[in-house]
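Asks: So the sequences go chain by chain: E and X.
Read in order, the letters of the first sequence are residues 1 to 303 in our numbering.
Read in order, the letters of the second sequence are residues 1001 to 1406 in our numbering.
Fair warning: there could be bad hints in the mix.
Quick list of in silico lysine to aspartate or glutamate cross-link-like pairs, DMTMM-like style, CA-CA up to 25 angstroms [as the list claims (entries may be wrong)]:
hint	chain 1	residue 1	chain 2	residue 2
1	X	Lys1275	E	Glu289
2	E	Lys128	X	Glu1361
3	E	Lys288	X	Glu1282
4	E	Lys173	E	Glu67
5	X	Lys1275	E	Asp133
6	E	Lys77	E	Glu67
7	E	Lys288	X	Glu1361
8	X	Lys1391	X	Asp1248
9	E	Lys145	X	Glu1361
10	E	Lys173	X	Glu1124
None of these hints come from the bench; they were simulated from the model.
Below, each chain spelled out in residue letters.
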Amino acid sequence: MSEHDRNSPTSRRAFLTAAGLTGMAAISAAVAGSKPGFVENLLARRFVELTPEQVQRRLDEVRRECEERFGREVDVKSTKALEGVVFGYGLDLSRCVGCRRCVYACAKENNNSRHPQVHWIRVLQMEKEDGIDLVHSTAYYNPEKVPEEDYFYLPVACQQCRNPPCTRACPVKATWQEPDGIVVIDYDWCIGCRCCMSACPYGARHFNWSDPTIDAEAVNPDMHYLGNRPRMRGVVEKCTFCIQRTREGRYPACCEICPVGARKFGNLLDEESEIRYLMHEKRVFVLKEELATRPKFYYFYAT
Amino acid sequence: MERLRKIWEFLFGILRMSLRGGATYYMWLGFLGVLLLSGILAYADQLRLGLVVTNMRDQVSWAFYIGNFTFLVGVAAAAVLLVIPAYVYHWKPIKEIAIFGELLAISAIVMCLLFVTVDIGRPERFWHLIPGLGSLNVPSSLLGWDVLVLNGYLLLNAVIVGYMLYKAFHKEEVNQRFVVPLLLLSIPAAISIHTVTAFVYNGMAARPFWNASILAPRFIASAFCSGPAVMIILFLILRRVSRIHVRDEAIWKIAELMAYAMFINLFLAGAELFKEFYSRTEHLVHTRYLYTGLGDHTTLVPFAWASLICSIAAFLLFLVPSTRRNEVTLVLGCLLIYTGVYIEKGMALVIPGMTPDTLGEIYEYAPTVTELRVGAGIFAVGFLVFTLLCKAAIPMIHRTYASEEG
Chain E
1 MSEHDRNSPT
11 SRRAFLTAAG
21 LTGMAAISAA
31 VAGSKPGFVE
41 NLLARRFVEL
51 TPEQVQRRLD
61 EVRRECEERF
71 GREVDVKSTK
81 ALEGVVFGYG
91 LDLSRCVGCR
101 RCVYACAKEN
111 NNSRHPQVHW
121 IRVLQMEKED
131 GIDLVHSTAY
141 YNPEKVPEED
151 YFYLPVACQQ
161 CRNPPCTRAC
171 PVKATWQEPD
181 GIVVIDYDWC
191 IGCRCCMSAC
201 PYGARHFNWS
211 DPTIDAEAVN
221 PDMHYLGNRP
231 RMRGVVEKCT
241 FCIQRTREGR
251 YPACCEICPV
261 GARKFGNLLD
271 EESEIRYLMH
281 EKRVFVLKEE
291 LATRPKFYYF
301 YAT
Chain X
1001 MERLRKIWEF
1011 LFGILRMSLR
1021 GGATYYMWLG
1031 FLGVLLLSGI
1041 LAYADQLRLG
1051 LVVTNMRDQV
1061 SWAFYIGNFT
1071 FLVGVAAAAV
1081 LLVIPAYVYH
1091 WKPIKEIAIF
1101 GELLAISAIV
1111 MCLLFVTVDI
1121 GRPERFWHLI
1131 PGLGSLNVPS
1141 SLLGWDVLVL
1151 NGYLLLNAVI
1161 VGYMLYKAFH
1171 KEEVNQRFVV
1181 PLLLLSIPAA
1191 ISIHTVTAFV
1201 YNGMAARPFW
1211 NASILAPRFI
1221 ASAFCSGPAV
1231 MIILFLILRR
1241 VSRIHVRDEA
1251 IWKIAELMAY
1261 AMFINLFLAG
1271 AELFKEFYSR
1281 TEHLVHTRYL
1291 YTGLGDHTTL
1301 VPFAWASLIC
1311 SIAAFLLFLV
1321 PSTRRNEVTL
1331 VLGCLLIYTG
1341 VYIEKGMALV
1351 IPGMTPDTLG
1361 EIYEYAPTVT
1371 ELRVGAGIFA
1381 VGFLVFTLLC
1391 KAAIPMIHRT
1401 YASEEG
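Modelling step: build the complete structure from the supplied sequences, incorporating the hints.
Replies: Here is the structure:
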């Protein structure tokens, strides 16, 4: 066969046409065979741009998806920030015993993936001799009983910065600070580039490296769109101060579970609140203050 | 209609020329095709199971993919090192071959965009990045800026190359008033893609290893080494296998410029090492992880030293005129530089920035086979684009210069 025959325009054209048609067929088959709602999700808008009616429709969609997936009733809401409220958190390092009940209560409340395990709170064990020293701390301590004589514990979750580096880093405005100071993520808009994780100085952001899994009976049916509704693979998630609870006047789950009362929560704008009381009566500090992220998560030593 | 027909002829001609070749050529294309297929299969796995098939985790959340992306942004600068002497100083020997720099830039940017695409968790939402359609977060997000400058640079080079080849194909005179301003514009554009990519890292106060002002200058210095290293090897091959005439002076001049760039790169690296090791703050831990390891965690150490040794050796080879003029040492120097910068601007930049993580945990990262296969697949795409473009461009360029000389 001569070279001319091998590369004849007719066969090449036929090949290109066939390749093009196959490609188009594959795409249409993929679209037609996709899960219901796939195309709609693909073309979803950013949550903050939706009209009230569109928000309601979206909440209904998510509720239906959850009910189908878990076979039980759930409630998905989008409670807005309350006027005159900015939330703040206080953590008493002299009380914390490192039991990690907060870690598991948080995961349960917020519908975190159980396998792989996603935890929004990391409790660091530190040597009393060294004081606070992140580089030499460990989150993987496992003694029979806590607290251990030579150690103290420093739980870290999202510090809800007033000047958050994560929201600035996001290339698609999928994460922002709400009027009550909570930094939230639109899971339907996040592209999973993980810039925010690189930018966060507190390791507070977590990525869904695979499909998050959770048993139907373990699901917390009280869900907030910007908070604890089940997430999908490939997006980032983080602590939201239990937005589904705190915007309705309840304490965050970690605060409620703490057996030693080391965790305090309240409205920073209310001078009578517990958080303001302890800021006034005790001496508080924040982590990595030199980065000027200005956290609303304060640590203190009550005794 | 006439113009449309000419454009169609041109595109068809390009395709015809790029697909015609000897047995070696087809074997090369077949080899790239196999790598590409393996990459696609590996990526299909990743799409099915998620990024869990990589070894990235919350602690080291950027790694092999983003490291390669960063390195290739540097390679894309190669064009500039050819465009400056050719069009700013009107140095004829380089002017004749400057277009290959543009072709390399196009291929490198295509690879960059692919590496970013395979790294994101929800690739089907890429359109959120398109201004107007999505919600690109400029001016505050540096990655947002990077999307703009990278695509702008790709477009710019595609227009330049497309125009020049179109004119050459139809044996028409190139309108210098149209193309020279674009070529000059490509100089600041190339600097901008480096600077913005460096700033993506540089702007993160959470990561002291990256949060150094010297990062952007180092990016540019090392890019002026790695890109031209590819160019020189390509020119040596072209001289053998095609009728393109690349003069010795052009190659020697590029090698000389690379020696200066490497000197600046090594000097800046030294300045950084001095600051870290002399001040011995908590932040030293990342540099120590890279060069000495932390306890048993020593994955990167051999690579870090290999990179340093390669870079210094190549610098010496290119500094001495006799070794940069000898073809064997010239090729050796290019390979050493390529290896040195590939490590330095890839894994040795990204991984130590995240090890230990912001709360002090050490997670030792090494890529999975899936990551390597996807990476090799993307390199195959880059080489494929470059090969096909060169194949189509060579006869046209040759014809143009032959007619000029004749």
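Asks: Taking the hints in turn, state whether each one holds.
Replies: Hint by hint, here is what the structure shows:
Distance hint between lysine 1275 of chain X and glutamate 289 of chain E is fulfilled; the C-alpha atoms sit about 23 angstroms from each other, no more than 25 angstroms. With a CA separation close to 19 angstroms, the supplied pair lysine 128 of chain E and glutamate 1361 of chain X stays within the 25 angstroms bound. The suggested pairing of lysine 288 of chain E with glutamate 1282 of chain X holds, with an alpha-carbon distance near 13 angstroms, which does not exceed 25 angstroms. About 29 angstroms separates the Cα atoms of lysine 173 of chain E and glutamate 67 of chain E, which puts this hinted pair outside 25 angstroms; it is violated.
Restraint check for lysine 1275 of chain X and aspartate 133 of chain E: the C-alpha separation of about 22 angstroms stays at or below 25 angstroms, so the hint holds. Restraint check: the Cα-Cα separation between lysine 77 of chain E and glutamate 67 of chain E comes to about 14 angstroms, which is no more than 25 angstroms; the hinted pair holds. For the hint pairing lysine 288 of chain E with glutamate 1361 of chain X, the CA-to-CA distance comes to about 16 angstroms; that is within 25 angstroms, so the pair holds. Using a Cα cut-off of 25 angstroms, the hinted pair lysine 1391 of chain X and aspartate 1248 of chain X holds, with the two alpha carbons roughly 22 angstroms apart.
A C-alpha spacing of about 23 angstroms is found between lysine 145 of chain E and glutamate 1361 of chain X, which places the hinted pair at or below 25 angstroms, so the restraint holds. Between the alpha carbons of lysine 173 of chain E and glutamate 1124 of chain X the distance comes to roughly 17 angstroms, so the proposed pair stays at or under 25 angstroms and holds.
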